[in-house]
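Chemist: Sequence:
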Amino acid sequence: MALASRKSWIRKFGALIREQLAGYRLKKVAEDPNWLEKRIIRLGIALAFGSLAFATDLFGLKEVSARYSYWVYNLFSAPFYSSVPKDQEVPLVLIDDADLKGQGWKWPVSYAIHAKVLERILQFEPRAVFVDFLFVDSRDDAKFPCLIKTLERYKDPAKRVVDRSTEGGGRAGLDCETRDLSGVSGKPVPVFVPVEERRRQIEELHVLTRPVLTKIDVNAFQQDSYFLYTGSASKFGKRRHLSPAYALYKDRCAQSGDCLESFHGGSFDDAFAEPLQIQWGLIRSDRNHFLTSCKYDPDPSTEKDGSDPSGLSFFGQVSSTIRGVLPQSANIFLDVAATTLSGGMSEAAEPCPHMPLISVSNLLMEGVQGGVDFEKELGDRIKGKDVVYGQALSAVSAFVQSPTNPPVSSGYRHAMALQNLHTAGADYLRSKITVPSPFEHLGLPPFVFASSTVSYAVFILFAAVHSYTSFSTTHFLKSGGDPILRRLVVLLTANGGYLSALFAIAALQIWAFRLAPLNLLGLFGLIAVVRGATGSYWFFLLENKLVRIYARSPDRRTLRQTFGDSQ
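Following full-length UniProt numbering, the numbering of the sequence shown begins with 1 at its first residue and continues without gaps.
Honestly, I wouldn't trust all of these hints.
[Claimed, not checked] For lysine-lysine, the following BS3-like pairs were computed, each having C-alpha atoms within a straight-line distance of at most 27 angstroms:
1. Lys155 to Lys376
2. Lys159 to Lys383
3. Lys383 to Lys250
4. Lys432 to Lys159
5. Lys38 to Lys545
6. Lys86 to Lys383
7. Lys187 to Lys86
8. Lys62 to Lys478
9. Lys12 to Lys159
10. Lys12 to Lys478
11. Lys155 to Lys187
12. Lys383 to Lys155
13. Lys143 to Lys155
14. Lys159 to Lys143
15. Lys187 to Lys383
16. Lys159 to Lys187
17. Lys250 to Lys155
18. Lys215 to Lys432
19. Lys159 to Lys101
It should be emphasised that the hints constitute simulated quantities derived from the structure, not laboratory data.
Kindly produce the complete structure, drawing on both the sequences and the hints.
Modeler: Shown next, in the form of structure tokens:
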């Protein structure tokens with residue numbers, strides 16, 4: 001009985017939608033002899049108001065709405081974001097609060113500890129390492145030679161063999177823990193370290209490491225934009241500074257030669273001139289099985305208490321019910337929706353990394369329980385990979401906002417940007433694209449399209465649609481019973497069309513043109529304001545006043561002759 005009632009309600013709702021859509025039409029002269037003037041006036045006012053809003057950020061919500069629009073896109077696409085091949089994964093080695101407490105370390109940790117961690121990483125033969133720590137000359141640490149000794153072993157394979165009879169010689173008996181790495185590959189392993197304009201790096205590191213610039217915009221609304229290299233020679237000198245992700249990607253390309261498709265007739269850097277818009281992944285690395293409290297775990301059986309990671313809310317139960325018949329990406333998408341709707345996102349105990357994560361305690365095998373071949377597991381995660389070594393410490397680390405996780409340390413951001421480059425190469429997502437002009441031979445510059453350009457063009461299109469078309473809403477609301485249901489249909493048809501078109505345009509520009517999505521929320525809000533204003537009584541009076549003024553103008557006859565008066 002209940003099922004039959006629901007089916008009847010659905011059929012009725014569908015019939016009302018069809019009835020409402022049937023009333024969608026162009027205004028005609030027979031209905032209003034001044035239709036053309038009113039449409040032009042309405043369009044002109046809408047465009048003037050929209051131009052003012054675009055130029056001045058009239059409501060002060062431009063940055064906020066743009067960022068949350070980008071987050072909406074990431075939340076929808078992240079579960080379906082494909083992972084890179086296993087040999088191009090980006091593992092993270094992180095020092096976190098649990099490591100400091102468990103190992104009894106104080107912050108900042110000694111250079112000897114950094115040396116110990118880096119030696120352990122080198123043991124598993126990484127392709128390259130980015131060290132997300134700033135080594136500056138203002139710090140006094142007697143163990144600094146230990147770090148230098150380790151970095152020398154990265155650069156010179158001959159120094160990886162330890163002669164125990166002479167160990168410590170030349171170091172004034174310095175007590176550095178040194179591993180015998182004679183079995184490690186005989187290739188140099190590049191080490192990238194951050195530099196800053198106003199803080200001087202330790203001189204000895206210059207010949208052993210490669211500098212990168214870890215610039216994070218202080219404006220949180222701009223952190224999704226990841227610069228790839230600096231082009232300001234006057235600010236940074238003649239040497240171009242690369243970001244960590246781009247430096248690692250470019251070095252891998254130079255080493256392997258499999259990224260040559262990134263050249264577009266110019267230099268390699270020319271193909272990567274625009275900042276990268278990070279596409280955040282969500283599907284958790286299958287090598288993070290030891291993270292047992294992840295809220296978005298696709299396998300509920302890995303929870304310590306055996307509970308559904310998406311929560312016990314109605315939405316969580318629904319996703320659990322149909323999870324078994326859907327692919328992993330769709331399952332995780334449902335978990336994201338369920339967790340968000342049930343308020344579980346703010347309660348996530350771990351940030352659920354998209355890439356392999358290794359804690360320093362696990363790396364050093366200190367306090368690790370037996371029963372697992374950690375040497376084999378660590379080798380599987382590190383060998384031949386570009387490793388990011390950083391920290392995730394409360395009140396110390398630089399944390400960034402991620403649309404798919406709670407705040408994460410900057411190391412995640414660099415790793416995610418690098419994975420974007422591995423996945424897309426020079427076809428990465430950006431906020432501005434350049435299209436060659438067909439008239440370049442005449443000296444005309446190429447066309448540049450930005451997300452804001454698309455937003456403004458779409459606003460013009462929607463303003464024209466709104467100005468020249470309409471629903472017969474009044475007739476529809478008075479033509480039958482069920483006033484509440486009819487008002488719901490009006491709300492859905494009036495807004496659903498605009499939203500559907502906005503999402504379709506955003507999907508087209510992202511997947512076809514690799515351009516960051518337009519400002520969905522801001523644009524929809526602006527259109528809603530225009531629709532509300534042009535439907536008000538005061539606008540009706542203004543419109544009629546302007547029509548009467550224009551009716552007395554000599555230009556009216558010319559306008560009518562141009563467009564015609566079809567009855």
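Chemist: Hint by hint, which ones does the structure fall short of?
Modeler: As far as the earlier hints go, 4, 8, 9, 19 are violated by this structure, in ascending order.
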